[in-house]
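Those protein sequence lines, which keep their order, are chains G and V. So the first sequence is residues 1 to 253, counted in this note's numbering. So the second sequence is residues 1001 to 1450, counted in this note's numbering.
I should point out that these hints are in silico values taken from the structure, not numbers from a laboratory. All values reported here derive from a predicted model rather than from experimental measurement. C-beta: ideal position from N, C-alpha, C; glycine also. Heads up, a few of these hints could be off.
[Claimed, not checked] Some chain V residues close to chain G (C-beta under 10 Å, calculated; not the full set):
no., residue
1, A1391
2, L1410
3, N1417
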Amino acid sequence: MLEIKNLHAEISGKKILKGVDLKVNAGEVHAIMGPNGSGKSTLAQVLAGRDLYAVTEGEITYQGKDLLAMAPEDRAREGIFLAFQYPLEIPGVSNMYFLKAALNTIRKGRGEAELDAMDFLAIVREKMKLLGVDEAMMSRAVNEGFSGGEKKRNEIFQMSVLEPRLAILDETDSGLDIDALRVVADGVNRLRAKDRATIVVTHYQRLLNYIVPDFVHVLSAGRMVKSGGRALALELEQKGYGWLEEEFEAAKA
Amino acid sequence: MAAIKEQREQTDHYFSAFSALEARRAQKGGSWFDATRREAMEHFGELGFPTTRLESWKYTSVQPIARSTFQLEESGRAKVSAKHLEGFAFGDQVSGTLVFVNGFFTPPLSELTRLPGNVVAGSLAGHLGNRPDGFEHHLARYALPVENAFVALNTAFLEDGACIEFPSGTVLEKPIHVIHWTEPAGSPLMISPRTLIVAGHDVQATVIESYVGGEGAAYFSNGVTEISLGENSSLEHAQVQQEGGKAFSIAALHTHQQRSSRLLCHNIALGAELVRNDVNCVMGGEGAECTLNGLYQTAGRQHVDNHTLMDHAMPHCSSREYYKGVLDGQSAGVFSGSILVRKDAQKTDAIQSNKNLLLSEDAVINTKPELQILADDVRCTHGATIGQLDAEAIFYLQTRGIGKAAARNLLTRAFANDVIGRVSFTPLRERLEATLLERLSKGWKAEEVL
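Same shape as in the complex, but just chain V:
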């Protein structure tokens, strides 16, 4: 009883915040999305914050989030300038930049003038009016509030987000960049970043999402991204998470692919104190290809949990999953990779690999593959490794004049190289390489860096 009471107390606060928000929204006139928000709130109430008694949350306690009382952010309150975004934005190397501050679209920091006219890129808020304008077929249709309390919470409090639509046949050479910036306030904030990417058929495009935040206070970023990829389209998507050191970062990525489409997703987790990434990829058309490319690099007391599901719903689809972790200090990592091959998904070709490098004796990793195969003519392979830097290799480098710390950096970078190497957009790849190196050298207080 006490546990139920506590759970109710933990969610009560969100219910009163939701009521207040609803009242405010009612004054502005209704939205076609209101019913979905209300349902989502109900689901959140039923599900509550997950506990470690649930198999999928066994190694990750979200009690630090459940026990806190986060405040909702109102639009336009935070003061963020272009200077904050230096080192994160790509300027004219991308075809457009959408900046969201604490969840709300911020036009002065965004740059959309170079985008082709037929590409929709902007604020989701504008599509949540009285009458639906097409996005009702996609928004909250892939990330379902009934399945995940955090998705439910994000959906219930959804007010704004990034909305990108590529009409059929669009070929966009340079990426679109979405920056979700969180600026912490005096009291801990809950931010609900949301991104919706819809591509018609024969689209070729790249979308980069950066989740970044200021240092100092704790905050809770609860993001959801949905991607719908039409027939024969090709999309490269990157999520780079560099939240502040005291942040709680929860993110869900749900993708749906149609026939012969190709999706390449990068998931790079660097920041925040407590991280949970849920990635669900549905290959819903024959011959779809999906690649998940993940890297988590942790130090201090960071906790990073990656949960992925490759859902083979149709025949002849292939999935590739390459996740690597570099764990230092007293940090902990969790990798749980599921491959589901449904009954009709004959000729499925799925490969999963999770490799971990432990840089300290106190770092911990729990890695677990989960295969559920209901078809009989498939190829599924998986493998997980946990290792340390090779002392002999370090010595070999030392005998060539390379200092010990630099040798460790070099070998660690080499370990992460292939993940970063899969990022096609050179400016992002170079920035990731530099960021990784900087973090590594900090971790070891290296007296020298190559």
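Okay, chain G solo, but in the shape it has when bound:
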């Protein structure tokens, strides 16, 4: 579904990603872990198309297409969804209006008919129930005055409504208490399917107790320094990241 080859990216001349490789097949859940400043969020933003980052080398293929040549909105219409680490507040735009506009443009992209207000409401109500989202939230402005936890929950709620093929969660677990974490994990797990994939970017192992990944990768100083199965995450929790960097440098030498 997604193949990243030798990806280099920088922001205002500062190199952040220095040759990232990653292959994600349909049906898989990949966790990307790593210390602060390793480039995890940059990778997530580059996948979603943020033009703040310049890709200087490498390529990304998504469903056989050159992802880097696509505008962010086209990526979304092709099924990519990024749950933001820091979701934006959009004053003056209600969640209802925003989500309906988003869903209809994405449905159009999938060749499906646009939904009228009634059908849209039916879908939204069902998802709200599953995620424990208060109906009053829909008439409020997008994320305006929301707590950190509410914003994260809203990201997962949007994801549930938009049903992406490739979901990228950028530290969605940071700052969540255990109940909110469960809600987020349930939302992600409910979307797991043979034709979908998920990339979970996280700093903590904790989330992976609830979203069990097929693969775990460690990103450090802009490169993937180790890949493994679920057990790697547990090992990281015990030993930290330091040993991986040493092992990687030793292998290079």
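Dock chain V against chain G, hints included.
Below, chain V without anything else, positioned relative to chain G:
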């Protein structure tokens, strides 16, 4: 000397036009208003067209107006049909429509049959006969020719206008709509739209004024509106300016409020090339409340100047002023908001806010609050912001499938939403939303619009 000579040349033309008009009027018999017209003309001669050397005109040059030779319009010359007014008139959604073409009342296009019998709504010309009939206490009593050259010019050439009077106790559910339509002619015209709204006590009503015009030639619309609001009355007033793209639009709104009255004024500036709005609100009775709600949306080389004065003359009055600007292209905006709290106006509660969104790197805004507080127990706050669309917010919307142009439109609309949202009359609010969206998408040649 050269400057004085030029200034005289600029006003000379209006003096000969005034003499010709006076001679014509004398044949028809005199008017109680003639003396006021003559005084106004004298004031115009003394004041001349303002220059940028004056503090209140620092950022706005009216030389394009001063240097042109505008012709006066005569009644009934322009041919305008109901078709022109499509998209502007509200039909039976309002309680009455008064249409003025190039400043003159046009009965065939107006609709006044549904108005309650005690409400006066019609042509001002009928009240300017030999003997005054009550309006002499209000006409030209709030907008003073001595203070403003454009008010003086309008008053000197005042021949017709809208005259609305709500007797005490009137409660009118649907608005009265005044349309000032300007139809440009071969040579540039000067139009002097005038509106007088007088409300007794315990009145509840809404008046909408639309200033609209045809495209093509340049013209100069120099309007004055006066509002007198009696005790405990509540009036919502909207001025929506959608003049032609080559128009010069100068407008003055002067309001006077008595005790415990509530006034909500919307000022929406969309059209014309050069715009100056002066709004003066006098809270002349205890406990009066006044809200000014303004939006200017500009593009191309438009220049829009909003000057407002909240005049707190009595205690316990509160004023709210919310002005927002959306500026694109090489357009320029000016906002100057004054709050005057007079010595006796204790317990004044005044809030002023001016927020601007610049959509292009070439757009400019000058914003300046001016507070003059002579009482000691008051609350006055003001704030001004200038910003651009948030690139990260645009990206956020894009990641949800919304195209870049549509995302910009959405965020811009959201910015202007609260101003438009304060308009109570739903058909006007919806029309403003649609107009704003249409103008935005044109501005960015958007490939898609939500």
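Hint validity - N1417 of chain V Cβ closer than 10 Å to any chain G Cβ: Holds, because the Cβ-Cβ distance from N1417 of chain V to chain G comes to roughly 4 Å (cut-off 10 Å).
Is the interface hint for L1410 of chain V satisfied, with its Cβ closer than 10 Å to some Cβ of chain G? This interface hint holds because 6 Å falls under the 10 Å limit.
Checking hints one by one. Is A1391 of chain V an interface residue toward chain G, by the C-beta closer than 10 Å rule? Because about 8 Å separates A1391 of chain V from the closest Cβ in chain G, which is inside the 10 Å limit, the hint holds.
Violated hints: none; the structure is consistent with every hint.
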